[in-house]
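The opening residue of the sequence shown carries number 612 in the working numbering; numbering runs sequentially from there.
Since the hints were made in silico from the structure, they are not lab data. Quick reminder that beta carbons are idealized off the backbone N, C-alpha and C, glycines included. Treat the hints with caution; some may be incorrect.
[Unchecked claim] Computed cross-link-like contacts, DSS-like style, restricted to lysine-lysine with a CA-CA straight-line distance of at most 25 Å:
(1) 783 - 993
(2) 993 - 1039
(3) 1039 - 690
(4) 734 - 724
(5) 1039 - 672
[Claimed, not checked] If you anchor each label on the Cβ, the simulated ranges turn out as follows:
(6) 1075 - 863: 47 to 55 Å
(7) 985 - 954: 17 to 25 Å
(8) 732 - 845: 51 to 59 Å
(9) 687 - 940: 25 to 33 Å
(10) 704 - 989: 31 to 39 Å
(11) 864 - 965: 40 to 48 Å
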Amino acid sequence: MLNRRHLLKAAGALVALPFLESLKPAWGAEPADKDDGRPPLRQFIITIAGGTVVESWKPDKDGPLQKLPSILRPLDAHKSELLVISGLSQLGKQSGGGNAHTHCAGLHLTGAKEFVWEGKVPKSSISLDQAAAAAQAGETILPSLELGQPNGEQTYSWSAGGTTVPYEGDPKQVFDRLFKGRTPTVPTWARDKKTKNTGTTKPKTPAASDERLVIDLVLEDAKALQKRLGKADQQRVGEFLEAVHSLESRIVKMDNRAAAEANDKSGSSSKGSDLALPKDDKGWKQRWNGQDVEMRADYIELMTTLGILAMQTDTTRVVTMSFGDDGELWDGVVTVTNEFHHHTLEHQANANPVSKADPLSREACRQIHEWYSVQFAKVLSKMRAIDEAGTSLLDNTMLLYTSYMADGGHGTHDYPVLIAGRGKGTIKPGRHVAAPMDTPVANLYLEMLDRMGDRRESFGGSTGRLGQLI
612 MLNRRHLLKA
622 AGALVALPFL
632 ESLKPAWGAE
642 PADKDDGRPP
652 LRQFIITIAG
662 GTVVESWKPD
672 KDGPLQKLPS
682 ILRPLDAHKS
692 ELLVISGLSQ
702 LGKQSGGGNA
712 HTHCAGLHLT
722 GAKEFVWEGK
732 VPKSSISLDQ
742 AAAAAQAGET
752 ILPSLELGQP
762 NGEQTYSWSA
772 GGTTVPYEGD
782 PKQVFDRLFK
792 GRTPTVPTWA
802 RDKKTKNTGT
812 TKPKTPAASD
822 ERLVIDLVLE
832 DAKALQKRLG
842 KADQQRVGEF
852 LEAVHSLESR
862 IVKMDNRAAA
872 EANDKSGSSS
882 KGSDLALPKD
892 DKGWKQRWNG
902 QDVEMRADYI
912 ELMTTLGILA
922 MQTDTTRVVT
932 MSFGDDGELW
942 DGVVTVTNEF
952 HHHTLEHQAN
962 ANPVSKADPL
972 SREACRQIHE
982 WYSVQFAKVL
992 SKMRAIDEAG
1002 TSLLDNTMLL
1012 YTSYMADGGH
1022 GTHDYPVLIA
1032 GRGKGTIKPG
1042 RHVAAPMDTP
1052 VANLYLEMLD
1062 RMGDRRESFG
1072 GSTGRLGQLI
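Whole structure, please, built from the sequences with the hints as guidance.
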């Protein structure tokens, strides 16, 4: 009998399934809860480095989106799914240490009134993602998923105790966490509300099957399952398994490429080469990703696809991602100057007042953020294409796309804030909402937490709820 706890199983691999019509409650049965049998709401946050170039980001007029500014123009095909919000600021302060980057990062998802250093240890209040995860506690295998490569100064996620939450930057480690060595489950949207998901991570004994692709391992079970599904669900399962297979194959290729590049030392081929490769291979791959634009795009696509699969299978409902480092090089994207170092461009492009900024550096920063929009458009396309009972994954998600600074000059006023998706009908996209200047970003976070089941009076330095989302 098919049910929501059906898995694709094999030694060394268990694969959770996406939403399937065949797993809905029986026809004619009255659900105990209005959300039973329906896809849940997800919260997805993508943070990029460097703020934005506000005149190329913010729409000219409040109201329905018309012609998009140049940075957002790659998103034109998804204009009806975008809610651009301007006027939001971080008004909290930093005390006891740190620098301008740690200040912006510490406030970013916390909206805190104050970001404090106790000696060399930073302390902040709980962040938006972790509060949302707590509100969904027990509903999924993983409370939340934090992905990407923030550097030591870019710490965005904070626990209720005020300590940092680490991010996972290795695609292979994330894939294994999702599909290997644990007890996952299929989406359980129609389960008894008293039943909680108690899946746990367990140590895995290495086996020969570890070297085989996950989908190859579960293929027999998948074929048996598809025979018992309707045609639409057969197609959904087939497309899902193909996506997982393609993703894992690409991760293997990326690892192989990284290994090949690591062994391809520059300079003389003699044993006396003066280039010593770091012993920490993961750290080396992070540095390589920071200098290679093509690799950077591949990395973003892999990691966002992993996050999408995690939400699609209801492995988690809260995904937070960080992309970009202020120290990256942008040769091939920046075409108007010979300076490619992001941090240098940020400062040259953001003099105070802006009229004194270097116009070529400002255009270079605009080119960088337009490049990020191209990558973000791929995320939206994938999420819109995932069907969930007549809706899409994007329909059932609040996707916050933003930066940890307002601009590359460490600005904290008028942040770039965009929400994609419809939040299960609780958000009306296709608009630009111009909030009063210096409205706390935390006012938006309160609204998002409401939708995730955490209704509180205040969050961080909030002064009320933002409103205007619907």
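Results of checking the hints against the structure:
For the suggested pair residue 783 and residue 993, the alpha carbons sit about 20 Å apart, so the restraint of at most 25 Å is met. Distance check on the hinted pair: residue 993 and residue 1039 sit about 20 Å apart at the alpha-carbon level, within 25 Å; holds. At roughly 12 Å between alpha-carbon atoms, residue 1039 and residue 690 fall within 25 Å of each other, so this suggested pair holds. Note on residue 734 and residue 724: the hinted pairing holds, with a Cα-Cα distance of about 12 Å set against a maximum of 25 Å.
For a cut-off of 25 Å, the pair hint linking residue 1039 to residue 672 stands: about 17 Å separates their Cα positions. The hinted window of 47 to 55 Å between residue 1075 and residue 863 holds, with their beta carbons roughly 50 Å apart. Between residue 985 and residue 954 the beta carbon distance is about 22 Å. The supplied range of 17 to 25 Å therefore holds. A hinted range of 51 to 59 Å for the beta carbons of residue 732 and residue 845 is consistent with their spacing of about 53 Å.
Here the CB-CB span from residue 687 to residue 940 is close to 28 Å, well matched to the stated 25 to 33 Å. Range check, residue 704 to residue 989: Cβ separation about 37 Å, and the 31 to 39 Å hint holds. Taking the beta carbon of each, residue 864 and residue 965 are about 43 Å apart, inside 40 to 48 Å as hinted.
When held up to the earlier numbered hints, the structure conflicts with none and fits them all.
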